[in-house]
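Number of protein chains: 6
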Amino acid sequence: MRITAYRKAHFNAAHRLYRPDWDDERNKQVFGKCSNPNYHGHNYDLIVGVTGAIDPETGYLIDLKILKDIIKNEVETAFDHKNLNLEVPEFAALNPTVENIAVVIYQKIKKVLDPKFDLEIKLYETPRNFVVYKGEK
Amino acid sequence: MRITAYRKAHFNAAHRLYRPDWDDERNKQVFGKCSNPNYHGHNYDLIVGVTGAIDPETGYLIDLKILKDIIKNEVETAFDHKNLNLEVPEFAALNPTVENIAVVIYQKIKKVLDPKFDLEIKLYETPRNFVVYKGEK
Amino acid sequence: MRITAYRKAHFNAAHRLYRPDWDDERNKQVFGKCSNPNYHGHNYDLIVGVTGAIDPETGYLIDLKILKDIIKNEVETAFDHKNLNLEVPEFAALNPTVENIAVVIYQKIKKVLDPKFDLEIKLYETPRNFVVYKGEK
Amino acid sequence: MRITAYRKAHFNAAHRLYRPDWDDERNKQVFGKCSNPNYHGHNYDLIVGVTGAIDPETGYLIDLKILKDIIKNEVETAFDHKNLNLEVPEFAALNPTVENIAVVIYQKIKKVLDPKFDLEIKLYETPRNFVVYKGEK
Amino acid sequence: MRITAYRKAHFNAAHRLYRPDWDDERNKQVFGKCSNPNYHGHNYDLIVGVTGAIDPETGYLIDLKILKDIIKNEVETAFDHKNLNLEVPEFAALNPTVENIAVVIYQKIKKVLDPKFDLEIKLYETPRNFVVYKGEK
Amino acid sequence: MRITAYRKAHFNAAHRLYRPDWDDERNKQVFGKCSNPNYHGHNYDLIVGVTGAIDPETGYLIDLKILKDIIKNEVETAFDHKNLNLEVPEFAALNPTVENIAVVIYQKIKKVLDPKFDLEIKLYETPRNFVVYKGEK
Chain A
56 MRITAYRKAH FNAAHRLYRP DWDDERNKQV FGKCSNPNYH GHNYDLIVGV TGAIDPETGY
116 LIDLKILKDI IKNEVETAFD HKNLNLEVPE FAALNPTVEN IAVVIYQKIK KVLDPKFDLE
176 IKLYETPRNF VVYKGEK
Chain B
56 MRITAYRKAH FNAAHRLYRP DWDDERNKQV FGKCSNPNYH GHNYDLIVGV TGAIDPETGY
116 LIDLKILKDI IKNEVETAFD HKNLNLEVPE FAALNPTVEN IAVVIYQKIK KVLDPKFDLE
176 IKLYETPRNF VVYKGEK
Chain C
56 MRITAYRKAH FNAAHRLYRP DWDDERNKQV FGKCSNPNYH GHNYDLIVGV TGAIDPETGY
116 LIDLKILKDI IKNEVETAFD HKNLNLEVPE FAALNPTVEN IAVVIYQKIK KVLDPKFDLE
176 IKLYETPRNF VVYKGEK
Chain D
56 MRITAYRKAH FNAAHRLYRP DWDDERNKQV FGKCSNPNYH GHNYDLIVGV TGAIDPETGY
116 LIDLKILKDI IKNEVETAFD HKNLNLEVPE FAALNPTVEN IAVVIYQKIK KVLDPKFDLE
176 IKLYETPRNF VVYKGEK
Chain E
56 MRITAYRKAH FNAAHRLYRP DWDDERNKQV FGKCSNPNYH GHNYDLIVGV TGAIDPETGY
116 LIDLKILKDI IKNEVETAFD HKNLNLEVPE FAALNPTVEN IAVVIYQKIK KVLDPKFDLE
176 IKLYETPRNF VVYKGEK
Chain F
56 MRITAYRKAH FNAAHRLYRP DWDDERNKQV FGKCSNPNYH GHNYDLIVGV TGAIDPETGY
116 LIDLKILKDI IKNEVETAFD HKNLNLEVPE FAALNPTVEN IAVVIYQKIK KVLDPKFDLE
176 IKLYETPRNF VVYKGEK
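Protein chains in written order, with this note's numbering: chain A, 56 to 192; chain B, 56 to 192; chain C, 56 to 192; chain D, 56 to 192; chain E, 56 to 192; chain F, 56 to 192.
No lab work stands behind these hints: they were computed from the structure. Among the hints, a few may not be true.
Same chains, same names: a pair is fine if it fits in one copy or spans any two.
For lysine to aspartate or glutamate, the following EDC-like pairs were computed, each having C-alpha atoms within a straight-line distance of at most 20 angstroms [as the list claims (entries may be wrong)]:
#: 1; residue 1: 163; residue 2: 145
#: 2; residue 1: 120; residue 2: 173
#: 3; residue 1: 189; residue 2: 175
#: 4; residue 1: 123; residue 2: 135
#: 5; residue 1: 166; residue 2: 78
#: 6; residue 1: 166; residue 2: 79
#: 7; residue 1: 88; residue 2: 169
#: 8; residue 1: 163; residue 2: 112
#: 9; residue 1: 120; residue 2: 145
#: 10; residue 1: 166; residue 2: 76
#: 11; residue 1: 88; residue 2: 191
#: 12; residue 1: 123; residue 2: 76
#: 13; residue 1: 177; residue 2: 79
#: 14; residue 1: 83; residue 2: 110
#: 15; residue 1: 171; residue 2: 79
#: 16; residue 1: 192; residue 2: 131
#: 17; residue 1: 166; residue 2: 112
#: 18; residue 1: 163; residue 2: 129
#: 19; residue 1: 171; residue 2: 131
#: 20; residue 1: 127; residue 2: 191
#: 21; residue 1: 63; residue 2: 135
#: 22; residue 1: 63; residue 2: 191
#: 23; residue 1: 171; residue 2: 191
#: 24; residue 1: 88; residue 2: 118
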């Protein structure tokens, strides 16, 4: 009896789309205004989904307080009110597109989540642009 | 040409997370404030998804009025403005977690839905906590 | 230069519409299924608005962390995961309609808010039913 | 490393559910008030999902500006502020149910999208009625 | 102790912006694509606000079931799944802009609402375009 | 017959709460993590309200395309994908709190809006924190 439970969270951050091995001219050509060297920012909305079997003892898939704490430790503390390019080590050499941010969040949560669960990440950069990442199959 | 059609509904109910075979102390230890013996409650948002082939005659997967009526009869009449623990027989011995409520809704709708359709249930306990259940595969 | 700053919060609670000086029959006649003796519940969404002058030193009307803490202390701690009729003293003799809950929230916040500010309370019982209360004029 | 990126758009249109080979009586019997000969209308919300591999050079699945332009050219210009039955050739002989509109949008975008991507269409006729179409499998 | 209670509703309709005393050319020049002679349509979201004193006996401003029925009778039955220009008498000679629709809704509800209440109408033509009308002061 | 028409828009920007005449220590003490020297950012949602009389000729309060263009020219072009502190002249010496941003938007739009209209600005910094500014009375 497999089910997916979701928990919603959010963080606010600055970023620019930027490859350090390209000059500003080429970054601007490829990434447009998203590459503004002075940064811009977003309210990121995050939905973390965990799939597995319902625990017949509790009726929980997972105690959502556990999931909430994992998100707080791995994502909110690390990303909220931060400059992703300058202050989050994962993006020192990795372009912080919404795709790459979702993959990084997946990897950070996967490391600490009970391995019996499947994981999926839905990340909204804006209400109009978002991604879903479910790991490599 | 398979498609999924969704219909949104909602109901308001009281519940407590509680196993009758545990004492209040243990219920509180495992379920925290969600086990308040005086109950608390939620506005549950429900999205029912039905998957199958488009009927070439009507262009419908299913007449959504049929689905609306099924949801009304099976879920809204049974759950809305009720105390799930005390008044909904399915939860007399089953802890009304959002996971278990979704499974019960799935089973109730599955029984009356044309068996040619696959069914999925998305149930929001709050805008931040929700589950998806698609039956046993 | 008067401005209004808003902070959104929420709490989940059980209640029934009920006057203790009426019998169950009359309560049911007037309040319908909302008077179910076994209770039902809601996810209440609360928006607290504070009006006054922008502080030229900080550019804040009010530090929203202060407002957030007031809401937490006065409303969330008192109401969240509670049975409003049984566990919240203000409703021991007062029918917990959405109107009366909004007035009680107004009075509780007003008592601890800097008196230089005007206050308004927007309270959603459901996404379809809500009230706004701005105090007595 | 497969990921799905989504872009949200919208259009407003009039339509009626109607088969030209049935008379008005039979159309009304099957489609009810949705078959009103004078038309009614909707704000359609559209979410287009594209699945594939992240481009390691840019960190994009697809430049969402490309996807935005495809949606503008194929859907918004063709459908927005139009009468679907009278002015959109695809519905001259095809009943514009939300199911059929989603399939038509899928086919129009599929024709111009890089074939390396999978495509999915989520179309809301109202906030309560919507469909997901992912092509024939 | 004055409070405002709100009830949300919705209807779907076709319309065109059009003055019958102007020719199509001039209608198109002033109203653009909104004047398409074949009509377009919207999901209108309506929020009706009623202001007055809380009834100390019930704790209600107004029984929201009464307000719900008024909205159903005066607005939903009259406007839902209709062509506003052709089928709603109030717009036979009045251009159905969102402003005028809001005023008409105000007048229809005002006629049947207990005169002790003030009334306000919030009408969304789209999530991005909406109006508030509170009557003549 | 006065009515208010609203138009919704949005922009994404980086900022930090910061007074240049205070050192980083004091800025941090007063503004907390919002004063991060590397900036953070938001998706700002903006609702511009315009109040006046309905034009009996068109049924419009104001052609919302005019309002849309004003918002585009005065706000979106100036603020979107920008660093408010570094790139928007109004905040060179003014702390870009949500309150001050709303006042600046009010002043910029007021300058180009027909003076017969009243103006109000609702600005969301996050879905939980927002302000309304209606000018000096």
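*asked:* With identical chains, the pair residue 192 and residue 131 could be close in the same copy or across copies; at 20 angstroms between alpha carbons, which is it: within, between, both, or neither?
replied: For residue 192 and residue 131, neither the intra-copy (27 angstroms) nor the inter-copy (35 angstroms) Cα distance is at most 20 angstroms.
*How do residue 163 and residue 112 come out at 20 angstroms by Cα distance, when the copy is not named: within, between, both, or neither?*
neither (29 angstroms within a copy, 22 angstroms between copies)
*Could you figure out if residue 189 and residue 175 sit no more than 20 angstroms apart (CA to CA) within one copy, between two copies, both or neither?*
both (4 angstroms within a copy, 16 angstroms between copies)
*Indicate which option fits the pair residue 88, residue 169 if close means a Cα-Cα distance not exceeding 20 angstroms: within, between, both or neither.*
Neither. Shortest intra-copy (40 angstroms) and inter-copy (24 angstroms) distances fail the 20 angstroms Cα cut-off.
*State whether the alpha carbon distance between residue 88 and residue 118 is at most 20 angstroms within one copy, between copies, both, or neither.*
Classified as between: cross-chain Cα gap 13 angstroms, same-chain 42 angstroms, threshold 20 angstroms.
*Can you tell me if residue 171 and residue 191 fall within 20 angstroms by alpha carbon in one copy, between copies, both or neither?*
Cα proximity of residue 171 and residue 191: in one copy and across copies (16 angstroms, 17 angstroms).
_At most 20 angstroms between CA atoms: does that hold for residue 63 and residue 191 within a copy, between copies, both, or neither?_
neither (22 angstroms within a copy, 25 angstroms between copies)
*From the Cα coordinates, with 20 angstroms as the cut-off, is the pair residue 166 and residue 78 best called within, between, both, or neither?*
Answer is neither: 34 angstroms inside a copy and 36 angstroms across each miss the 20 angstroms cutoff.
*State whether the alpha carbon distance between residue 166 and residue 112 is at most 20 angstroms within one copy, between copies, both, or neither.*
neither (26 angstroms within a copy, 26 angstroms between copies)
*State whether the alpha carbon distance between residue 63 and residue 135 is at most 20 angstroms within one copy, between copies, both, or neither.*
both (15 angstroms within a copy, 19 angstroms between copies)
*How would you classify residue 88 and residue 191 at a CA-CA limit of 20 angstroms: within, between, both, or neither?*
neither (31 angstroms within a copy, 35 angstroms between copies)
_Intra- versus inter-copy proximity for residue 79 and residue 166 (alpha-carbon distance at most 20 angstroms)_ = Answer is neither: 35 angstroms inside a copy and 35 angstroms across each miss the 20 angstroms cutoff.
Taken one by one, the earlier hints fail for this structure at numbers 5, 6, 7, 8, 9, 10, 11, 12, 13, 15, 16, 17, 19, 20 and 22, listed in ascending order.
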